[in-house]
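2 protein chains.
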Amino acid sequence: MITGKNYIGYAQSANGDTTYHTFNPKENAKNAPTFYEATTQEIDSAVSLAHKAFSSFRKTSGAQRAQFLKAIANEIEALGDTLFTTYMSETGLPEGRAKGECGRTLGQLRMFAALVQNEDWRNPTISGESQELKQLLIPLGPVVVFGASNFPLAYSTAGGDTASALAAGCPVIVKSHPMHAGTGELVANAIVKAAKDTGMPEGVFSNLNSAGIEVGVQLVKHPQVKAVGFTGSIKGGRALYDLASQRAEPIPVFAEMGSINPVIITQNALENRSAEIAQTYADSITLGVGQFCTNPGLILGVASPQMAEFVNDLGAKTASIDPYCMLHPNIHNAFESNGEDVLSQNEIQLVASYQGDTEPAFAKAKIATVPGAVFLKNTKLHQEVFGPFSLVVQCKDEAELLDIIEQLEGQLTGTIIAQEEDYASLSPIIERLQDRVGRIVFNGVPTGVAVVDAMTHGGPYPASTDSRFTAVGNQSIKRWVRPFSYQGFPKELLPEFLK
Amino acid sequence: MITGKNYIGYAQSANGDTTYHTFNPKENAKNAPTFYEATTQEIDSAVSLAHKAFSSFRKTSGAQRAQFLKAIANEIEALGDTLFTTYMSETGLPEGRAKGECGRTLGQLRMFAALVQNEDWRNPTISGESQELKQLLIPLGPVVVFGASNFPLAYSTAGGDTASALAAGCPVIVKSHPMHAGTGELVANAIVKAAKDTGMPEGVFSNLNSAGIEVGVQLVKHPQVKAVGFTGSIKGGRALYDLASQRAEPIPVFAEMGSINPVIITQNALENRSAEIAQTYADSITLGVGQFCTNPGLILGVASPQMAEFVNDLGAKTASIDPYCMLHPNIHNAFESNGEDVLSQNEIQLVASYQGDTEPAFAKAKIATVPGAVFLKNTKLHQEVFGPFSLVVQCKDEAELLDIIEQLEGQLTGTIIAQEEDYASLSPIIERLQDRVGRIVFNGVPTGVAVVDAMTHGGPYPASTDSRFTAVGNQSIKRWVRPFSYQGFPKELLPEFLK
Chain P
26 MITGKNYIGY
36 AQSANGDTTY
46 HTFNPKENAK
56 NAPTFYEATT
66 QEIDSAVSLA
76 HKAFSSFRKT
86 SGAQRAQFLK
96 AIANEIEALG
106 DTLFTTYMSE
116 TGLPEGRAKG
126 ECGRTLGQLR
136 MFAALVQNED
146 WRNPTISGES
156 QELKQLLIPL
166 GPVVVFGASN
176 FPLAYSTAGG
186 DTASALAAGC
196 PVIVKSHPMH
206 AGTGELVANA
216 IVKAAKDTGM
226 PEGVFSNLNS
236 AGIEVGVQLV
246 KHPQVKAVGF
256 TGSIKGGRAL
266 YDLASQRAEP
276 IPVFAEMGSI
286 NPVIITQNAL
296 ENRSAEIAQT
306 YADSITLGVG
316 QFCTNPGLIL
326 GVASPQMAEF
336 VNDLGAKTAS
346 IDPYCMLHPN
356 IHNAFESNGE
366 DVLSQNEIQL
376 VASYQGDTEP
386 AFAKAKIATV
396 PGAVFLKNTK
406 LHQEVFGPFS
416 LVVQCKDEAE
426 LLDIIEQLEG
436 QLTGTIIAQE
446 EDYASLSPII
456 ERLQDRVGRI
466 VFNGVPTGVA
476 VVDAMTHGGP
486 YPASTDSRFT
496 AVGNQSIKRW
506 VRPFSYQGFP
516 KELLPEFLK
Chain X
26 MITGKNYIGY
36 AQSANGDTTY
46 HTFNPKENAK
56 NAPTFYEATT
66 QEIDSAVSLA
76 HKAFSSFRKT
86 SGAQRAQFLK
96 AIANEIEALG
106 DTLFTTYMSE
116 TGLPEGRAKG
126 ECGRTLGQLR
136 MFAALVQNED
146 WRNPTISGES
156 QELKQLLIPL
166 GPVVVFGASN
176 FPLAYSTAGG
186 DTASALAAGC
196 PVIVKSHPMH
206 AGTGELVANA
216 IVKAAKDTGM
226 PEGVFSNLNS
236 AGIEVGVQLV
246 KHPQVKAVGF
256 TGSIKGGRAL
266 YDLASQRAEP
276 IPVFAEMGSI
286 NPVIITQNAL
296 ENRSAEIAQT
306 YADSITLGVG
316 QFCTNPGLIL
326 GVASPQMAEF
336 VNDLGAKTAS
346 IDPYCMLHPN
356 IHNAFESNGE
366 DVLSQNEIQL
376 VASYQGDTEP
386 AFAKAKIATV
396 PGAVFLKNTK
406 LHQEVFGPFS
416 LVVQCKDEAE
426 LLDIIEQLEG
436 QLTGTIIAQE
446 EDYASLSPII
456 ERLQDRVGRI
466 VFNGVPTGVA
476 VVDAMTHGGP
486 YPASTDSRFT
496 AVGNQSIKRW
506 VRPFSYQGFP
516 KELLPEFLK
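Top to bottom, those sequences are chains P and X.
For any residue, its number in this note's numbering is found by taking its place in the first sequence, counting from 1, and adding 25.
For any residue, its number in this note's numbering is found by taking its place in the second sequence, counting from 1, and adding 25.
Everything labelled a hint here was simulated from the structure, so no lab data went into it.
All C-beta atoms, glycine included, are put in the ideal place defined by N, C-alpha and C.
Watch out, some of these pointers could steer you wrong.
As the list claims (entries may be wrong) - Below 27 Å or equal to it, Euclidean Cα-Cα: the simulated DSS-like pairs (lysine-lysine) are:
1. X:Lys124 x X:Lys95
2. P:Lys246 x X:Lys260
3. P:Lys246 x X:Lys402
4. X:Lys503 x P:Lys503
5. P:Lys77 x X:Lys402
6. X:Lys77 x P:Lys402
7. X:Lys246 x P:Lys246
8. P:Lys503 x P:Lys246
9. X:Lys77 x X:Lys246
10. X:Lys77 x P:Lys421
11. X:Lys30 x X:Lys218
12. P:Lys503 x P:Lys95
13. X:Lys246 x P:Lys405
14. P:Lys524 x P:Lys503
What the hints assert, rightly or not - Anything over 10 Å on all C-beta distances counts as not near chain P; from chain X, calculated:
15. Val327
16. Asp347
17. Leu368
Just chain P, same shape as in the assembly (with noise of 0.2 Å):
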């Protein structure tokens, strides 16, 4: 079923000799199919495709586009059990994560399908004396998606960034994460098959398979790629950015990188509901085994004698949670190394891990503890341990629980966890976080990203290169469009809604 060929177009091809293998964590083996990296060649074909699908693809109606979004969405659904069973055996997540995301991306790409259903979204607005001007959002062209290593469906081959991309009008030219290449191609073929039936342009959507960095970097240099959308870390994305921005003509790159989604509580939150607390963090912590952006890698409050027994808690609970395996035997060395890392810094103080034995590639959860002057002045110390790890920094106030929120770098989230009684005194919090992050999230944990117009799935560098953009939710399609003014136009040669 799984070739381990890249879809140029229509057409499989597997001209290259570098070839490679996804693992399956849970099982420690690596699995059958082999992937074949694409070549130079096979790279210039799948973005001249594009380059050539773009001229009829940006002529196609709203409703045209729809249609291609839907049977996607409909040919994924089709895979049923031999999407899940690949998926679980290229992440090792469990079935019950599989069918979610699934679905989750199933809702995205009927999302973008009703957004694009009339022609609404290109926001035509018309000016002047006699209506002269008339204006509205065309697509840039062809964009290149890098598949996320966290989520192999919802931000990968027909993910929110494929999918606002193909809803605007862009080709699309999908870098596979060379983890889940497998799922990658399950899908690439629905999206493909849909392409055939809806009467879709060869190149609307290519899929190239590469385990290494050259495929990604000569897409992102092609001359006929005029956007890029990037999922993962800062180190990826920050060389992909600088890539883009250093050519003859610089295009825009939308990354979403990492985050270390600081959580405020405060003294009141502990001395009412420290345990309730405790326990929902260390659920949130280890959720998904810590695999998601929005993961809440660190936790600020004013030390106490309540926020020393929260920390004890949070470590105990957090430490009792049955270990699981990572997405990768990389990630999972990567969590320990960086966990090591981190730890290994002066006056940071391991308050629990998990104490079993594992197996490979589990993690074991780690709480550490560290004072705000500590972490004020070591940045190491603000990098993010991708994984389950949450670090809890004990400022000796409110003074320094300030500082260290204005000096944080830029972040997806920020959450406040408090009481009726603090709402008069948070304002100098709120205001600080929110010129650090792209969402507050009150009360709750910044886990779980809803897909709705009022999310906010972004934020200030490094949590993404251009903070005035989402990566999620209906507004994610302004990545891909600019604004375009007809002048003085006859009626005849005007697009038919603009009439």
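Given chain P, put chain X in place with the hints provided.
Using the frame of chain P, we list chain X on its own:
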């Protein structure tokens, strides 16, 4: 009246030793006031004040900022003849232009005041069961605005970039354009007075002088600067874009840069109204001595006897227009040398140039022509000659014309001059042109940019550094804001208008 000093917040300051003068190109003499370049310390102070001002400025209501913007407009209006006299002495432009540009500037300030009078511009959005998520647009932080040489009022100190950034709640630091530093100081005075009178925080605005590039470089690299607006040359805009994208924390740069604004004329149009088109274009090419970013620098058509006649007629009409002085001897020198550079290329033919004697900084308008095949091969011919210069490209057939459009660099505008009988066959031209420009003008001239909602003043690189935004009209405020979401917030803690 003009001190030559910088405005660092509310204080005038001249700590540096580097000085310069502005120049009256009409009288060929330098103006009296001495201007003091901002020092590194003055730059730091201005940015530090802006950073501090942001924490309170961002909390002002839209209605308060509207008061501020209207007060700026009133203060500029009150400058009256002092402003016009200084403007004319620093640009050589006539009084009518000074007054017209002033009116545009006041109009823009009042337009943004009207926009932010209530908070609808923030696009408040509510989603989720029990309205969990509430999203709105918030300001990015301090913005650096580079004054444009060719619009001392409308795209400089209190021009569109400044007005839109202040409207959004972003403090502004202006890097004053050295050619009209006196005009800049008068306007800066007006802004500072308005800021004081309407109770704005000190640092909401600063004005820095500089004749070289160092002040601009330091501003763009400053960690507390969060965005940049620029209008000027490709070389200048690209240098700032590169600096901004190489920062540890990259920031958005909206640079509106050069454009040759292609005009396509059909054979039918030439057969019907060649003389009228020639007159319209001779006027558009020489309007404001060709010193507009939307000046038509390139005219395209299929070779024919009528085209040959049109070229000669356009040349004769353009060359018969009395020369007038350019903004500055440096701009005149660049016009001369860039024109010579283009005219020295192979197979290019000078059709006509003004033949009389002129005063030193006065520009002699020129029309040249070249075969399509030569233009296609030689990208030197695609470069902007800023001033009253236009190149007519005579293509061997429509296929070559389409090739040329497809291979053009990004442009602010494209224009189509056609007859009704052409309509049925214009699609290939319109589609290719749409891909290369921000605005298509039909049977008109590209010069003249209406300040209205449906205006797109921007376009694919190098017309701008980010085609997803416009520099003119209400929508230009989107350059300086980002979406932000409140999740699960109690009503008491939400901004008034989100409750």
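Each hint tested on the structure:
no.: 1; hint: X:Lys124 x X:Lys95; verdict: holds, 18 Å
no.: 2; hint: P:Lys246 x X:Lys260; verdict: holds, 21 Å
no.: 3; hint: P:Lys246 x X:Lys402; verdict: holds, 23 Å
no.: 4; hint: X:Lys503 x P:Lys503; verdict: holds, 12 Å
no.: 5; hint: P:Lys77 x X:Lys402; verdict: holds, 22 Å
no.: 6; hint: X:Lys77 x P:Lys402; verdict: holds, 22 Å
no.: 7; hint: X:Lys246 x P:Lys246; verdict: holds, 25 Å
no.: 8; hint: P:Lys503 x P:Lys246; verdict: holds, 22 Å
no.: 9; hint: X:Lys77 x X:Lys246; verdict: holds, 18 Å
no.: 10; hint: X:Lys77 x P:Lys421; verdict: holds, 25 Å
no.: 11; hint: X:Lys30 x X:Lys218; verdict: holds, 16 Å
no.: 12; hint: P:Lys503 x P:Lys95; verdict: holds, 20 Å
no.: 13; hint: X:Lys246 x P:Lys405; verdict: holds, 23 Å
no.: 14; hint: P:Lys524 x P:Lys503; verdict: holds, 23 Å
no.: 15; hint: Val327; verdict: holds, 20 Å
no.: 16; hint: Asp347; verdict: holds, 29 Å
no.: 17; hint: Leu368; verdict: holds, 26 Å
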